Amino acid sequence: MFKQAVKSELGQVSLTGVRSLVLLGLLIQAPRSLEEIKRLFVNLNIMDESNSYDILRIDINTLKAMGCEISRASKKTDFKYVLEKHPFVLKIDKDEIDILKKTFKKIKNKTDIETLVQYDELFEKLAGCVANEDIKQSLIGLCSLKSHNIEKIREYNKYCKAHKILTILYKSPASNEREKMEVATEKLGFKNDKVYIYGFDINKKLAVMLHIKRIVAITSARENDDNYSSEKIKTKFILKDFTVAGLEENEKIIEKNEKGYLIEGEYHNEFLAMQRILSFGSSCILLEPTDLKEKIVETLKKMKEIYNG
Amino acid sequence: MASKVSLKKNLSSMQVLKTLKLLMEGDYTMQEIVDKLNTKEDDVIFNNSVISKYINTCRSLGFDIPKIHNKYYIATLPFGINISDVETDLIKTLYNTAKNELSSNCFKVFDGLVKKINRYANKKITRVDKDTYQFACEIFEQAIKRRRKINLLFKNNIKMDCIPLSIVYTENKTFFKVYNKRERMIDWNRLSGIEILQESYKYPYKNQQIVVYALKNKLAQRYELRENEELKSFEDGIKVIINKDEPQEELFSRLLRYDTDCEIMSPKFYRDDMKQLIEDTLANYGA
Chain A
4 MFKQAVKSEL GQVSLTGVRS LVLLGLLIQA PRSLEEIKRL FVNLNIMDES NSYDILRIDI
64 NTLKAMGCEI SRASKKTDFK YVLEKHPFVL KIDKDEIDIL KKTFKKIKNK TDIETLVQYD
124 ELFEKLAGCV ANEDIKQSLI GLCSLKSHNI EKIREYNKYC KAHKILTILY KSPASNEREK
184 MEVATEKLGF KNDKVYIYGF DINKKLAVML HIKRIVAITS ARENDDNYSS EKIKTKFILK
244 DFTVAGLEEN EKIIEKNEKG YLIEGEYHNE FLAMQRILSF GSSCILLEPT DLKEKIVETL
304 KKMKEIYNG
Chain B
1207 MASKVSLKKN LSSMQVLKTL KLLMEGDYTM QEIVDKLNTK EDDVIFNNSV ISKYINTCRS
1267 LGFDIPKIHN KYYIATLPFG INISDVETDL IKTLYNTAKN ELSSNCFKVF DGLVKKINRY
1327 ANKKITRVDK DTYQFACEIF EQAIKRRRKI NLLFKNNIKM DCIPLSIVYT ENKTFFKVYN
1387 KRERMIDWNR LSGIEILQES YKYPYKNQQI VVYALKNKLA QRYELRENEE LKSFEDGIKV
1447 IINKDEPQEE LFSRLLRYDT DCEIMSPKFY RDDMKQLIED TLANYGA
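As you go down the protein sequences, you meet chains A and B in turn. Just remember that the working numbering sits 3 ahead of the position in the first sequence, which is counted from 1. Just remember that the working numbering sits 1206 ahead of the position in the second sequence, which is counted from 1.
Hints in this document: simulated from the structure, not taken from any laboratory. One thing to keep in mind: the hints can contain errors.
In silico BS3-like pairs for lysine-lysine, Cα to Cα no more than 25 Å straight-line [unchecked claim]:
| id | chain 1 | residue 1 | chain 2 | residue 2 |
| --- | --- | --- | --- | --- |
| 1 | B | 1314 | A | 105 |
| 2 | B | 1246 | A | 88 |
| 3 | A | 105 | A | 149 |
| 4 | B | 1330 | A | 104 |
| 5 | A | 194 | B | 1365 |
| 6 | B | 1298 | A | 111 |
| 7 | A | 298 | A | 108 |
| 8 | A | 128 | B | 1298 |
| 9 | A | 149 | A | 174 |
| 10 | A | 97 | B | 1246 |
| 11 | B | 1387 | B | 1330 |
| 12 | A | 111 | A | 183 |
| 13 | A | 83 | A | 97 |
| 14 | A | 94 | B | 1298 |
| 15 | A | 296 | A | 237 |
| 16 | B | 1329 | A | 83 |
| 17 | B | 1336 | A | 94 |
| 18 | A | 128 | B | 1365 |
| 19 | B | 1336 | B | 1322 |
| 20 | B | 1321 | A | 109 |
| 21 | A | 239 | A | 298 |
| 22 | A | 94 | B | 1445 |
| 23 | B | 1224 | A | 67 |
| 24 | B | 1329 | B | 1314 |
| 25 | A | 88 | B | 1365 |
| 26 | A | 109 | A | 207 |
| 27 | A | 41 | B | 1215 |
| 28 | B | 1214 | A | 139 |
| 29 | A | 259 | B | 1305 |
| 30 | A | 105 | B | 1227 |
| 31 | B | 1365 | B | 1336 |
| 32 | A | 111 | A | 255 |
| 33 | A | 108 | B | 1321 |
| 34 | A | 88 | B | 1215 |
| 35 | A | 262 | A | 207 |
| 36 | B | 1365 | A | 94 |
| 37 | B | 1330 | A | 128 |
Only part of the chain A face toward chain B is listed, based on derived beta-carbon distances under 10 Å [what the hints assert, rightly or not]:
| id | residue |
| --- | --- |
| 38 | 24 |
| 39 | 26 |
| 40 | 36 |
Fair warning: this is a prediction, and the values are worked out from it, not measured in the lab. Every residue, glycine too, gets a C-beta built ideally from N, C-alpha and C.
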């Protein structure tokens, strides 16, 4: 972390200041015992072998006087001094974490998996720089993929990017039984805090979304020579306002008129299209496709029935 | 009763740490550092000489604290956060989202958070002078490579956020070619510092500045085109010349010499700049 001091130059600087700064840096890195600190100080040319440990104790007191909270070196800490808090650390307030959370929530569902991994790494890095344990945990809590195996995500993403056909052993959410599927992969997506492989089941001829945590194993991967792909559900709808949510990457505004925004959306399957349209509530009027419109109406009627009952 | 050692602390060390802490809170001049630190003390204990020593103490350990515009900047801390370009872009996306989609109060909080992170993030900032000239060029080239905007700090205390384009070497001078509303050639002698900003730029900028000017009378007859010039037309004794990529200051200096025999035709901002230059020059004479 620090460069070795040149003894001839030490006259122009405050040697005790040098020791304090180095000590601060060393304790930021890790808890240290007096022996360790002395050895490192000697290596850095800022202390002589013959000096007593009292010098280091005074340096520790100095840091404490500056507002550093350093726990006593005891058996409990393996006789190491632990820097609990210090004024040179990045301080993030709870308010700031809340706003960061709000902001990230706005974008995380629109963000691709690779970028989400990068966000996670950023939050973890920031967590590593703050001292307050609650704030640290809040930052780690922001990581969307924290409960996932990142290596697996990277592996699946590679398959999806190459549009491989995967033979997957999958635990079906309906039956909880393991089933073997052959899926032409299209993309790895993040939805409702879960990661899915979007693809086309080439045996059932269905667009599928496989929750990666339900994947038991991938037994083979091959090229998609026959260009299997799912047919997207194309919709047109009017959105009166954006109070409910922003648009997804698969939706675009075609025009704005007195009724609101005319939007074209493309969804992986009918289920997702339905979910999306319904989620807008009364702000949305689906125009196309007609059959989906009918299904939406039917569904809404059924929903209404529930409340009528 | 506590032992003597357990109560003893080192005052000089504390002063070094106080100096560092203050610099981590903001960029200050020597006088500001002295004043700010002394206000918290019972006696006047900080002065220019000790502050210099304390800053040198930090520097001796690898803290990069350049002095630019008479202000001390903490560029890198041995325990600072290294934010990569990718992470910078992520923060920028969050920042823009907060700005565009949250209330102004929320954005204010977010803005404060980003500023805090920036203070702890290790930065690329350097003083520009004869000793640091090479490093300044390296920083400039690094910014081009990383497609990051830069902040130029001029000796006259002006700051300019701009896009770095290239370094232009002429016989006697070195210019930093940048884009800020238009392309500009900045003589490095006018600078006191360069900082790579976190903001990236995406648009491809045309690197070449084309200036068209006309010469008339005898000058038109005898004028010999330079390497970076071509003749657009020569009619009715008026020679129209296309000049490419000549540093603006040098070109202006040359064209001023041609007085009324020369007129810049385009681009418009070059005409405006020349007009301004002439007016400023006139103002020197109270005209």
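Which of the stated hints cannot be reconciled with the structure, identified by number in ascending sequence? 4, 5, 7, 10, 12, 13, 16, 17, 18, 19, 22, 25, 26, 28, 30, 35, 36, 40
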